[in-house]
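Asks: Please build the complete structure, drawing on both the sequences and the hints.
Protein sequence lines, in the order shown, are assigned to chains A and B. Under the working numbering, the first residue of the first sequence is numbered 1, with each subsequent residue one higher. Under the working numbering, the first residue of the second sequence is numbered 1, with each subsequent residue one higher.
Please keep in mind that the hints were generated in silico from the structure rather than gathered at the bench. There's no promise every hint is true.
[Unchecked claim] Computed from the model, here is a short list of chain B residues facing chain A with C-beta under 10 Å: (1) C92; (2) A122; (3) V212; (4) H219; (5) F242; (6) F270; (7) K271.
[Stated by the list, open to error] Reference listing, derived: stretches of chain A covered by chain B, where coverage requires no fewer than 3 residues with Cβ under 8 Å from a Cβ of chain B: (8) 57-67; (9) 83-90; (10) 107-114; (11) 232-241; (12) 263-269.
Remember, predicted model here, so these are calculated numbers, not experimental data. By construction, the Cβ of each residue, glycine as well, lies at the ideal position given by its N, Cα and C atoms.
Number of protein chains: 2
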Amino acid sequence: MLTKTTHLFDDATRVTAGDSRWQGQTSDDYWAFVGPFGGITAATILRALIEHPERAGDPLALTVNYCAPIAQGAFDLDVRLVKANRSSQHWCVELTQGGGDVATLATAVFAERRPSWSHQPAEFPQAKPFEQIKPYPRIKASWANQYDFRFVEGHPDFGGGTKDAPASTHSKVWIADRVLRKIDALSVMSMSDAFFARVFHARSELVPFGTVSLTTYFHVGADDLAADDINRVLAVVDAKIFHKSYGDQNGELWSPNGRLLATTTQIGYFKA
Amino acid sequence: MLTKTTHLFDDATRVTAGDSRWQGQTSDDYWAFVGPFGGITAATILRALIEHPERAGDPLALTVNYCAPIAQGAFDLDVRLVKANRSSQHWCVELTQGGGDVATLATAVFAERRPSWSHQPAEFPQAKPFEQIKPYPRIKASWANQYDFRFVEGHPDFGGGTKDAPASTHSKVWIADRVLRKIDALSVMSMSDAFFARVFHARSELVPFGTVSLTTYFHVGADDLAADDINRVLAVVDAKIFHKSYGDQNGELWSPNGRLLATTTQIGYFKA
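Replies: Here is the structure:
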């Protein structure tokens, strides 16, 4: 039974266990232009894996290929443990609706994060504190309103039409759940797809866009995240190229405490 | 029949067509410490897809999860077209040996690269010409000797033992096939795994290391590559973090003509 205290995010990513076939359903609260927000789909797939009785270790890598639009309503997740090793697991997940074609195809790696030498060459990005920045206003896509975006650099400016030269594709942004929720692997996964498409930034306008493939690496264990006890991340994101209808994106998600939580990259289709 | 004119790379990535099950075999010429060089496995999987009669479009994204060591000898590739759209395809490939567990799990996206607005925010790295740099000497791992590495920055220095502080994880390097071969998607794929592990650079020593998951995005079409007519790439690579036995890597592969051919990222296990 749902209670009033359930976070929308947890409601949206809820799954019902099966043996190899799990169930979930899309959430109107995390809806994008033509289907569910890709981040919530990725987080739902990750939740099915984390809650799977055979799962061992923490999420290390998740790749999600968005093969076809997902319609509003129920979906099935075919969850398969492809290979289990002593300290790592390889999973494959297929999302289908009503016995139809695969709409989303994902692979995941879980691993026991054993103590080791640690080194973080990446530098924590300098940023104005979250509290000193105005939240980004609500927009039409419901998913974006579930987040509290506070742009430090690279503010969205999609109303101006194409400028003479492309604008910067870099953004630095604080991201929190609008209704605060402690950061865990699920929200990190979802937030790794929560950047506005870089092509919008480059062209200073909205154009048809869809993520095709998304890969996120987790650089902390569940215990690290639990100990961090944070409810927002500082993220930096950029793009390197847009060519022949496809463009890339790469980002970092940081704990306010200076720890790199995750790196992410994606390639997406655009029409421009 | 093989002739003397076959390039070692094409020999090493050769596959025999089946319906959904293709065959290949490991190559001693591209051997790493405990199994085949990951790049050659990735390129072999890509070759099976490119040569598949149902394949349409150019490779856009390939993710390869290395689940278990591959033994010397023959392997099977179970190749499955998961979803075909009007202008894109989603594939899944499982590599097995002798009917055993899955040793490698890959997903790929192919797409028709239609003309569009183009923009390359990433800057072409400045580098001394290939010809002015001495080739990196031959080493014990045979795969590395199939490449002509010319380090512009971040030379490997693995003999010194661990320094007081970790060394830089950045490298800039020209990569060509030792026996020259025109760059195509297959060699781009293989070269995207041809960086020495960043943990070796950070620690200035060799430690046990294995790539766990590798993702490469192609930013040019086959026609772009064919028109470029190049036989080497300029690559930059770096790492952001090493923590609890896993570390990341991210790289760019450039045409000498200033075009970004591919971006790549991977996460790998290390013992240190």
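Asks: Indicate, hint by hint, whether the structure satisfies it.
Replies: Verification of the supplied hints:
At its closest, the beta carbon of C92(B) sits 6 Å from a beta carbon of chain A; the interface hint therefore holds under the 10 Å criterion. Checking A122(B) against chain A: minimum C-beta separation of about 4 Å stays under 10 Å; hint holds. For V212(B), the shortest C-beta to C-beta distance to chain A is roughly 6 Å, which falls under 10 Å, so the interface hint holds. Look at H219(B): its Cβ gets to within about 5 Å of chain A, closer than 10 Å, so that hint holds up.
Annotation: interface hint on F242(B) holds; nearest CB of chain A at approximately 5 Å, less than 10 Å. A cut of 10 Å between beta carbons decides the hint on F270(B): the least distance to chain A is about 7 Å, and the hint holds. About 7 Å separates the beta-carbon of K271(B) from the nearest beta-carbon of chain A, less than 10 Å, and the hint is met. Under a criterion of three residues with beta carbons nearer than 8 Å to beta carbons of chain B, the stated coverage of the segment 57-67 of chain A is upheld, 5 such residues being counted.
With 4 residues bearing a CB less than 8 Å from a CB of chain B, the segment 83-90 of chain A meets the requirement of three and the coverage assertion stands. Coverage of the segment 107-114 of chain A by chain B holds. Counting CB-CB distances below 8 Å, 5 residues qualify, and the rule asks for three or more. Counting residues of the segment 232-241 of chain A whose beta carbon lies closer than 8 Å to any beta carbon of chain B gives 4, which reaches the threshold of three, so the coverage claim holds. Look at the segment 263-269 of chain A against chain B: 4 of its residues bring a Cβ nearer than 8 Å to a Cβ of that chain, three or more, so the hint holds.
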